[in-house]
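Undergrad: Take the sequence shown: its position 160, counting from 1, is numbered 230 in my numbering, and each next residue is one higher.
Treat the hints as calculated values from the structure; they're not laboratory data. Virtual Cβ for every residue (Gly too), placed ideally from N, Cα, C. Treat the hints with care, as some may be off.
Ranges between beta-carbon positions, derived for each pair [claimed, not checked]:
hint : residue 1 : residue 2 : range
1    : 359       : 106       : 31 to 37 Å
2    : 106       : 287       : 55 to 61 Å
3    : 243       : 285       : 39 to 45 Å
4    : 221       : 483       : 20 to 26 Å
5    : 399       : 439       : 48 to 54 Å
6    : 556       : 444       : 29 to 35 Å
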Amino acid sequence: MALGQSLQQKLLQKLSPQQIQLMKLLQVPTANLEERIKEELEENPALELGEDTHDDIYEEDIKDEYAQEEEYEKDGSEDEFEDLNLSEYVSDGDDDVADYKLRDENYPEAGDQKTTPYRVERSFHELLVDQLGMLELDEHRYKIAEHIVGSLDDDGYLRREVPAIADDLAFRQNIMTDEKEIESIIQQIQQFDPAGVCARDLKECLMLQLQRKMTEGQSVELAMQVLSKYFEEFTRKHYEKIQRGLNLSDEALKEVINQIIRLNPKPGGNVGESSNAETYVVPDFFIINNNGKLELTLNGRNAPDLRISSDYRDMMKDYEKSAKKDKRQKEAVLFIKQKIDSAKWFIDMIRQRQETLLGTMGSIMQYQHEFFLTGDETTLKPMILKDISEKTGLDISTVSRVANSKFVQTEFGTFRLKFFFSESLATESGEEVSTREVKKILSDLIGGEDKRKPLSDEELTDLLQEKGYKIARRTVAKYREQLDIPVARLRKAL
């Protein structure tokens with residue numbers, strides 16, 4: 071087979087390193103941006119956080135005062151380098167060190183801006199360890215108890231089997247014990263606060279809480295009987311079977327059920343940092359209704375005061391003014407130039423990130439203008455990524471990156487940007503409405519139903535169709551599940 075050469079043309083699309091970096095930065099939420107900037111500051115000494123202020127958002131005061139070439143003694147090493155043009159890296163004034171900055175005075179400082187307060191308190195694990203000190207335990211039993219506490223999950227449950235705990239203690243800590251001793255220590259920990267902690271399952275958790283309420287009356291004793299004898303029926307809301315089995319009146323059954331549903335199924339979920347990690351959201355945007363005019367601002371954490379290090383500028387100036395420029399000096403200045411270029415590039419990426427975020431959120435605000443004025447979900451328009459892509463001129467993938475992990479704070483609450491995107495659904499009149507609107511009406515229908523006779527999916531479908539929405543029963547079931555609403559049987563109450 072003969073070998074030959076041929077010439078071909080191919081059209082390929084490749085992302086530059088800058089574009090790749092921008093895509094990554096767009097995905098970073100405001101809460102994590104500071105950490106990303108901190109990493110860059112640690113890696114690049116030419117980049118620093120500025121302390122002074124300026125009125126302009128971005129400043130590039132780059133002066134060239136060294137137009138004339140200086141005479142200096144040559145030693146032969148100069149030929150290994152091309153002439154370096156450093157005019158854009160140096161400046162004349164001492165007060166203006168060729169600033170290349172990223173700053174917006176309209177963005178408040180971290181201490182001044184609207185931020186969600188973070189609670190500083192003891193964690194769930196620390197709370198339990200403190201209570202261990204109140205038990206009269208020798209060193210051997212204390213270490214066992216400490217291991218058990220450390221084995222609890224964030225909800226306060228002990229998910230590991232007792233034999234597995236004994237094996238862990240033996241092989242990892244060289245502590246020899248038996249199941250009986252472990253069980254006795256578990257029972258002691260189960261007396262800790264919050265009530266229900268260290269339970270192995272939901273049933274035991276609820277029983278532990280009821281045991282502390284035994285003095286509150288007969289309804290508590292009946293509630294314990296329900297959990298011990300009819301737990302599965304209770305979880306499935308087969309109340310008729312419970313009522314017959316315990317020979318309860320309607321009023322007594324209602325009181326017993328109320329005793330149980332007031333209990334906490336996740337005792338560790340209300341304590342410390344273990345359960346509240348996702349409770350506090352740092353908004354990326356703020357939208358304010360100023361007398362009917364919507365005003366959009368970017369969270370100040372997205373506008374850090376970044377600039378090129380004045381020390382690195384001074385190094386450039388010293389090199390430019392020096393009479394002798396040998397190989398070693400030029401190697402050093404090339405390194406400095408590389409770091410300054412990298413710092414400029416990063417500042418540009420942060421600037422582009424700001425512009426992209428504001429442009430995308432601004433288009434969403436215009437598209438869903440009525441909602442941001444009223445907070446009424448039924449005013450939301452059908453909106454997909456392509457709609458915002460066309461308004462901003464950005465690629466759909468870029469809009470998706472902005473929407474996926476960002477939040478906007480409004481006077482009606484804080485929302486994920488993804489909340490505003492929804493498909494359309496046709497009405498009988500042919501008008502297209504947002505599926506978000508349909509879900510809101512569905513939620514309202516279920517919220518206003520008679521809980522003793524909750525609406526089935528078929529009945530909900532009929533009611534929606536009466537309101538003019540062309541929708542199938544299976545679609546109603548899908549929307550109900552997306553709203554995390556159980557089927558009618560599980561919504562039934564006494």
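Undergrad: Run every hint past the structure and note whether it holds.
TA: Status of the hints after comparison with the structure:
1. Checked against the hint of 31 to 37 Å, the pair residue 359 and residue 106 passes, with Cβ atoms roughly 32 Å apart.
2. With their beta carbons about 57 Å apart, residue 106 and residue 287 fall inside the hinted range of 55 to 61 Å.
3. Between residue 243 and residue 285 the Cβ separation comes to about 40 Å, which falls inside the hinted range of 39 to 45 Å.
4. Residue 221 and residue 483 have their C-beta atoms about 37 Å apart, which leaves the hinted 20 to 26 Å range violated.
5. Look at residue 399 against residue 439: about 60 Å separates their beta carbons, and that is not inside 48 to 54 Å.
6. Taken as a hint, the range 29 to 35 Å holds for the pair residue 556 and residue 444, whose Cβ atoms sit roughly 30 Å apart.
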